[in-house]
Amino acid sequence: MGTRLGQLVERLGGQLVGDPNLEVTGIAPLADAGVSDISFLSNSKLRAQAGASGAAAMIVSPLDDAFVAETYRGARIVSNNPYVYFARAAQFFAALDEVAPAPGIDPSASVAANARVDPSAHVGAHVTIEDGAVIGAGAVIDAGCFIGRGAVIGELTHLFANATFHARCQIGKRGIIHSGAVIGTDGFGFANEGGVYIKIPQTGRVMIGDDVDIGANTCIDRGALADTIIEDGVKLDNQIQIGHNCRIGAHTAMAGCVGVAGSATIGKYCTFGGAAMVLGHLTIADKVHISSGSMVSRSILEPGQYTGFYPLAKNAEWEKTAAIVRNLAAMREKIRALEKTIKTLTEPTKPTEKI
Amino acid sequence: MGTRLGQLVERLGGQLVGDPNLEVTGIAPLADAGVSDISFLSNSKLRAQAGASGAAAMIVSPLDDAFVAETYRGARIVSNNPYVYFARAAQFFAALDEVAPAPGIDPSASVAANARVDPSAHVGAHVTIEDGAVIGAGAVIDAGCFIGRGAVIGELTHLFANATFHARCQIGKRGIIHSGAVIGTDGFGFANEGGVYIKIPQTGRVMIGDDVDIGANTCIDRGALADTIIEDGVKLDNQIQIGHNCRIGAHTAMAGCVGVAGSATIGKYCTFGGAAMVLGHLTIADKVHISSGSMVSRSILEPGQYTGFYPLAKNAEWEKTAAIVRNLAAMREKIRALEKTIKTLTEPTKPTEKI
Amino acid sequence: MGTRLGQLVERLGGQLVGDPNLEVTGIAPLADAGVSDISFLSNSKLRAQAGASGAAAMIVSPLDDAFVAETYRGARIVSNNPYVYFARAAQFFAALDEVAPAPGIDPSASVAANARVDPSAHVGAHVTIEDGAVIGAGAVIDAGCFIGRGAVIGELTHLFANATFHARCQIGKRGIIHSGAVIGTDGFGFANEGGVYIKIPQTGRVMIGDDVDIGANTCIDRGALADTIIEDGVKLDNQIQIGHNCRIGAHTAMAGCVGVAGSATIGKYCTFGGAAMVLGHLTIADKVHISSGSMVSRSILEPGQYTGFYPLAKNAEWEKTAAIVRNLAAMREKIRALEKTIKTLTEPTKPTEKI
Numbered sequence: 001m002g003t004r005l006g007q008l009v010e011r012l013g014g015q016l017v018g019d020p021n022l023e024v025t026g027i028a029p030l031a032d033a034g035v036s037d038i039s040f041l042s043n044s045k046l047r048a049q050a051g052a053s054g055a056a057a058m059i060v061s062p063l064d065d066a067f068v069a070e071t072y073r074g075a076r077i078v079s080n081n082p083y084v085y086f087a088r089a090a091q092f093f094a095a096l097d098e099v100a101p102a103p104g105i106d107p108s109a110s111v112a113a114n115a116r117v118d119p120s121a122h123v124g125a126h127v128t129i130e131d132g133a134v135i136g137a138g139a140v141i142d143a144g145c146f147i148g149r150g151a152v153i154g155e156l157t158h159l160f161a162n163a164t165f166h167a168r169c170q171i172g173k174r175g176i177i178h179s180g181a182v183i184g185t186d187g188f189g190f191a192n193e194g195g196v197y198i199k200i201p202q203t204g205r206v207m208i209g210d211d212v213d214i215g216a217n218t219c220i221d222r223g224a225l226a227d228t229i230i231e232d233g234v235k236l237d238n239q240i241q242i243g244h245n246c247r248i249g250a251h252t253a254m255a256g257c258v259g260v261a262g263s264a265t266i267g268k269y270c271t272f273g274g275a276a277m278v279l280g281h282l283t284i285a286d287k288v289h290i291s292s293g294s295m296v297s298r299s300i301l302e303p304g305q306y307t308g309f310y311p312l313a314k315n316a317e318w319e320k321t322a323a324i325v326r327n328l329a330a331m332r333e334k335i336r337a338l339e340k341t342i343k344t345l346t347e348p349t350k351p352t353e354k355i
Numbered sequence: 001m002g003t004r005l006g007q008l009v010e011r012l013g014g015q016l017v018g019d020p021n022l023e024v025t026g027i028a029p030l031a032d033a034g035v036s037d038i039s040f041l042s043n044s045k046l047r048a049q050a051g052a053s054g055a056a057a058m059i060v061s062p063l064d065d066a067f068v069a070e071t072y073r074g075a076r077i078v079s080n081n082p083y084v085y086f087a088r089a090a091q092f093f094a095a096l097d098e099v100a101p102a103p104g105i106d107p108s109a110s111v112a113a114n115a116r117v118d119p120s121a122h123v124g125a126h127v128t129i130e131d132g133a134v135i136g137a138g139a140v141i142d143a144g145c146f147i148g149r150g151a152v153i154g155e156l157t158h159l160f161a162n163a164t165f166h167a168r169c170q171i172g173k174r175g176i177i178h179s180g181a182v183i184g185t186d187g188f189g190f191a192n193e194g195g196v197y198i199k200i201p202q203t204g205r206v207m208i209g210d211d212v213d214i215g216a217n218t219c220i221d222r223g224a225l226a227d228t229i230i231e232d233g234v235k236l237d238n239q240i241q242i243g244h245n246c247r248i249g250a251h252t253a254m255a256g257c258v259g260v261a262g263s264a265t266i267g268k269y270c271t272f273g274g275a276a277m278v279l280g281h282l283t284i285a286d287k288v289h290i291s292s293g294s295m296v297s298r299s300i301l302e303p304g305q306y307t308g309f310y311p312l313a314k315n316a317e318w319e320k321t322a323a324i325v326r327n328l329a330a331m332r333e334k335i336r337a338l339e340k341t342i343k344t345l346t347e348p349t350k351p352t353e354k355i
Numbered sequence: 001m002g003t004r005l006g007q008l009v010e011r012l013g014g015q016l017v018g019d020p021n022l023e024v025t026g027i028a029p030l031a032d033a034g035v036s037d038i039s040f041l042s043n044s045k046l047r048a049q050a051g052a053s054g055a056a057a058m059i060v061s062p063l064d065d066a067f068v069a070e071t072y073r074g075a076r077i078v079s080n081n082p083y084v085y086f087a088r089a090a091q092f093f094a095a096l097d098e099v100a101p102a103p104g105i106d107p108s109a110s111v112a113a114n115a116r117v118d119p120s121a122h123v124g125a126h127v128t129i130e131d132g133a134v135i136g137a138g139a140v141i142d143a144g145c146f147i148g149r150g151a152v153i154g155e156l157t158h159l160f161a162n163a164t165f166h167a168r169c170q171i172g173k174r175g176i177i178h179s180g181a182v183i184g185t186d187g188f189g190f191a192n193e194g195g196v197y198i199k200i201p202q203t204g205r206v207m208i209g210d211d212v213d214i215g216a217n218t219c220i221d222r223g224a225l226a227d228t229i230i231e232d233g234v235k236l237d238n239q240i241q242i243g244h245n246c247r248i249g250a251h252t253a254m255a256g257c258v259g260v261a262g263s264a265t266i267g268k269y270c271t272f273g274g275a276a277m278v279l280g281h282l283t284i285a286d287k288v289h290i291s292s293g294s295m296v297s298r299s300i301l302e303p304g305q306y307t308g309f310y311p312l313a314k315n316a317e318w319e320k321t322a323a324i325v326r327n328l329a330a331m332r333e334k335i336r337a338l339e340k341t342i343k344t345l346t347e348p349t350k351p352t353e354k355i
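Residue numbers (UniProt numbering), protein chains in the order written: chain V, 1 to 355; chain R, 1 to 355; chain L, 1 to 355.
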């Protein structure tokens with residue numbers, strides 16, 4: 001299956017330079033693309049490679065188009081953001097290959113009598129849907145998922161196999177929850193009485209907006225009393241932990257293994273590199289970017305890129321420098337002593353000593 | 001649903017100052033509490049806010065009571081530890097709302113003929129319980145859980161949906177295992193023969209005490225030959241990894257994303273901040289507190305708070321200081337050279353040179 | 001159940017010194033072994049303890065044999081690598097105890113009509129196997145697992161309960177996938193258009209070689225366009241995250257909580273300590289060893305041991321040294337100033353100043 005270039009441009013926009021009847025069947029990187037593929041040039045530094053590409057057509061920016069046109073013989077689709085165009089074209093081709101899950105409820109699923117499952121939704125094998133849960137139009141609940149009492153799954157949202165979505169939590173439209181993710185588990189809240197922990201019931205919910213993606217084996221805790229909030233367009237990768245009562249601002253993205261402790265408030269349009277950690281009760285402004293492996297131990301009120309990880313070294317060097325790091329206070333003392341001595345040496349002799 | 005204040009105090013203790021017939025239906029923080037809520041003052045610094053709270057009743061300590069009584073018009077429950085009282089009151093209200101799962105086995109569950117499930121236990125949809133497993137009185141095994149051969153689940157212990165509890169492992173009374181947790185998976189044990197790994201069978205168990213909570217997607221490895229031990233009252237948050245043959249002492253708590261390598265022995269009443277990591281074969285004393293994001297690379301034999309993470313900075317500053325960290329040995333050499341030079345400058349000239 | 005020593009040596013090799021008819025039923029460490037156990041001496045430093053062991057037989061290296069023979073009265077099995085011999089013997093004893101899962105498909109499983117399940121394979125309760133999937137001879141698919149469309153599970157590979165193996169991915173022979181692992185979830189790929197993320201479909205696969213072990217709750221992303229590759233003999237512990245389009249070289253081992261960002265290429269025979277992190281698009285040579293808790297932020301082209309984590313300290317000391325780390329640039333300036341001053345003091349006075 002494939003499409004003609006003219007049809008693609010009609011659907012996705014861009015200016016076609018070439019034969020609209022040319023058939024293309026997929027999308028591939030510059031070096032790998034074959035005669036029935038589209039490719040894309042999203043980085044001007046690579047434009048010298050475009051000429052050598054075997055792609056039938058190339059998505060290029062207006063800035064690169066003249067350069068590419070000189071060496072590249074295939075068709076061109078000129079678009080202001082070739083990488084976004086690539087994403088949309090890839091979605092188009094993927095949809096052609098996709099087997100749409102059939103509407104209806106698999107006979108092996110356990111669906112409570114008073115749950116409301118839209119007739120256009122798909123509910124797979126061994127799914128459990130409890131009392132009062134609502135599954136929206138076109139939603140897909142794959143095999144082995146659990147949907148708790150009163151939970152709400154929005155239109156066109158897709159839960160992959162073995163995801164768990166607990167009672168009373170909600171997710172909006174066009175969301176994706178990947179396998180093994182757990183939404184709405186209890187937050188980690190205890191009162192301590194003489195060393196023994198007394199559980200504080202976690203009665204809040206997780207409220208998730210539209211167009212949110214949640215990665216495999218990621219956990220989001222329900223709020224203690226109030227709710228945990230994930231705003232529209234947030235993208236969470238795999239193995240992430242979001243504590244109770246956090247708020248993650250719209251269009252913020254977090255890479256794998258990030259941890260956010262409870263009651264952190266994170267702004268919009270932020271990015272978090274893999275394994276970044278955020279302590280509890282902090283506030284992070286909009287457009288803050290945290291590098292991978294960095295520990296955020298204080299609130300950040302200004303946009304910008306922040307980093308904090310120990311630089312890697314050969315182990316022998318690390319052992320040496322780590323020992324010095326441990327003794328930095330002593331090093332500082334030595335410098336202070338040197339400064340004092342030198343001050344004595346360079347100061348003009350005092351009058352009283354002259355006598 | 002709710003309760004009268006008199007009934008609450010009868011059940012939970014504390015001294016009531018106010019109308020015992022006042023109806024309350026829930027519990028909320030100072031600022032959010034409404035006319036049918038109880039609130040609590042667990043931090044004396046906030047006592048000025050108590051007067052403005054709309055709560056029907058307030059839990060206060062004896063120390064704060066006189067101060068609060070001056071401005072706050074509602075009823076007061078005086079208790080030595082208001083936060084613990086709050087936890088117990090919250091448990092009371094949560095129990096009123098809770099839908100108790102019906103005793104019995106869901107028809108879709110697969111329960112081995114010789115497994116012993118107490119008639120008062122609940123076994124949900126699509127659960128698998130293998131040969132010889134024992135499910136105690138009042139235990140709740142939610143949908144999609146797996147209980148392996150010969151495993152033992154104690155009285156009133158609750159496994160949330162899609163938890164996995166492997167063969168021969170045991171958990172005591174009143175425990176909680178959250179969704180996606182995996183108890184008793186194989187430890188990571190191999191012998192290396194010419195670069196190729198030969199698996200060492202993991203034949204020990206995981207033995208878990210009473211009142212233990214285990215978070216979502218947390219893993220606890222079974223022992224290699226002996227057992228992995230989790231003592232009474234331990235609280236583990238989500239996404240934690242506990243290696244084989246570890247022992248975690250009673251009433252120790254670990255926040256999300258902590259990792260403990262194999263054969264570590266951790267004392268009682270310890271706390272581990274999120275993403276703290278503990279190397280294998282270490283011993284950690286009782287009452288040790290490890291800060292978030294810290295790597296424990298040696299045994300700790302004295303109680304106290306320990307920390308080790310790289311401080312966060314704006315990326316440009318981090319790049320500068322990280323480069324200096326890498327060259328700390330050179331910096332130390334410079335200081336030594338300076339010390340030497342200054343020693344020469346300040347030493348009295350030697351007699352032989354006088355001639 | 002057990003075996004006679006003669007039978008064991010016949011099967012596993014080594015030179016027996018002692019009675020071949022002696023019955024042994026298990027294997028245990030030096031200190032714990034009883035009269036029907038084998039033990040092993042894999043570390044010469046412990047050889048003085050061998051004499052006190054109650055084990056019926058001891059696996060020793062040729063180097064330690066003479067020493068052990070002087071004090072230890074039991075039988076000896078002399079082998080060049082006692083730890084590997086121990087692993088193989090432990091496998092032998094574990095197999096005696098193991099209940100082999102019966103071939104065939106549990107009636108509660110949902111298996112697509114055109115999936116091919118070898119008659120010798122075991123498919124447990126509540127398993128879902130989708131269209132066109134292939135389950136090899138002797139494979140074991142435990143309860144609650146999901147196998148997506150067109151996936152291939154090789155001969156003798158074992159998926160533990162509640163593992164998820166997505167469409168079109170493949171694993172070879174004798175593999176192990178532990179509970180909660182998710183293979184072939186979407187990679188984290190987006191194009192950004194004015195702050196909003198556009199999903200890039202992830203259409204590659206995860207291709208896994210023979211003899212690969214994958215830990216509980218570990219995730220491996222499918223490739224974006226090309227495949228994610230896990231070569232033969234790789235061993236991954238629990239809670240690991242492998243990003244899309246990574247390649248992990250043969251016989252590389254990673255401990256728990258490791259994260260590898262997308263498109264990293266990792267060599268053969270590497271080891272990664274727990275919670276080590278690798279940024280995307282890096283290349284790591286063969287035989288590189290990364291210490292626990294270390295962030296790999298650049299490619300590593302030479303074998304060796306590399307480390308990068310902040311050394312642990314008492315919290316009060318950490319606060320002091322972390323403050324100095326933040327100000328290392330200022331400290332460097334002070335040293336430069338001192339060097340300058342001292343240079344002035346020690347330089348011979350210039351002629352022009354003499355006048």
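It is worth saying that the hints were derived from the structure and are not from the lab.
Just to be clear, a hint being listed does not mean it is correct.
Identical copies look the same in the list; a pair holds intra-copy or inter-copy alike.
In silico BS3-like pairs for lysine-lysine, Cα to Cα no more than 25 angstroms straight-line [claimed, not checked]:
1. Lys340 / Lys199
2. Lys45 / Lys268
3. Lys334 / Lys320
4. Lys45 / Lys343
5. Lys173 / Lys45
6. Lys334 / Lys173
7. Lys334 / Lys45
8. Lys268 / Lys287
9. Lys340 / Lys268
10. Lys173 / Lys320
11. Lys320 / Lys268
12. Lys268 / Lys334
13. Lys320 / Lys199
14. Lys320 / Lys287
15. Lys343 / Lys314
16. Lys287 / Lys343
17. Lys199 / Lys343
18. Lys343 / Lys268
Outcome of the hint check:
{"no.": "1", "hint": "Lys340 / Lys199", "result": "neither (57 angstroms within a copy, 61 angstroms between copies)"}
{"no.": "2", "hint": "Lys45 / Lys268", "result": "neither (30 angstroms within a copy, 32 angstroms between copies)"}
{"no.": "3", "hint": "Lys334 / Lys320", "result": "both (18 angstroms within a copy, 16 angstroms between copies)"}
{"no.": "4", "hint": "Lys45 / Lys343", "result": "neither (54 angstroms within a copy, 48 angstroms between copies)"}
{"no.": "5", "hint": "Lys173 / Lys45", "result": "neither (38 angstroms within a copy, 43 angstroms between copies)"}
{"no.": "6", "hint": "Lys334 / Lys173", "result": "neither (62 angstroms within a copy, 58 angstroms between copies)"}
{"no.": "7", "hint": "Lys334 / Lys45", "result": "neither (49 angstroms within a copy, 42 angstroms between copies)"}
{"no.": "8", "hint": "Lys268 / Lys287", "result": "within (6 angstroms within a copy, 39 angstroms between copies)"}
{"no.": "9", "hint": "Lys340 / Lys268", "result": "neither (50 angstroms within a copy, 48 angstroms between copies)"}
{"no.": "10", "hint": "Lys173 / Lys320", "result": "neither (54 angstroms within a copy, 45 angstroms between copies)"}
{"no.": "11", "hint": "Lys320 / Lys268", "result": "neither (41 angstroms within a copy, 28 angstroms between copies)"}
{"no.": "12", "hint": "Lys268 / Lys334", "result": "neither (46 angstroms within a copy, 41 angstroms between copies)"}
{"no.": "13", "hint": "Lys320 / Lys199", "result": "neither (45 angstroms within a copy, 36 angstroms between copies)"}
{"no.": "14", "hint": "Lys320 / Lys287", "result": "between (37 angstroms within a copy, 23 angstroms between copies)"}
{"no.": "15", "hint": "Lys343 / Lys314", "result": "neither (39 angstroms within a copy, 34 angstroms between copies)"}
{"no.": "16", "hint": "Lys287 / Lys343", "result": "neither (47 angstroms within a copy, 47 angstroms between copies)"}
{"no.": "17", "hint": "Lys199 / Lys343", "result": "neither (61 angstroms within a copy, 63 angstroms between copies)"}
{"no.": "18", "hint": "Lys343 / Lys268", "result": "neither (52 angstroms within a copy, 53 angstroms between copies)"}
When held up to the earlier numbered hints, the structure conflicts with 1, 2, 4, 5, 6, 7, 9, 10, 11, 12, 13, 15, 16, 17 and 18 and fits the remainder.
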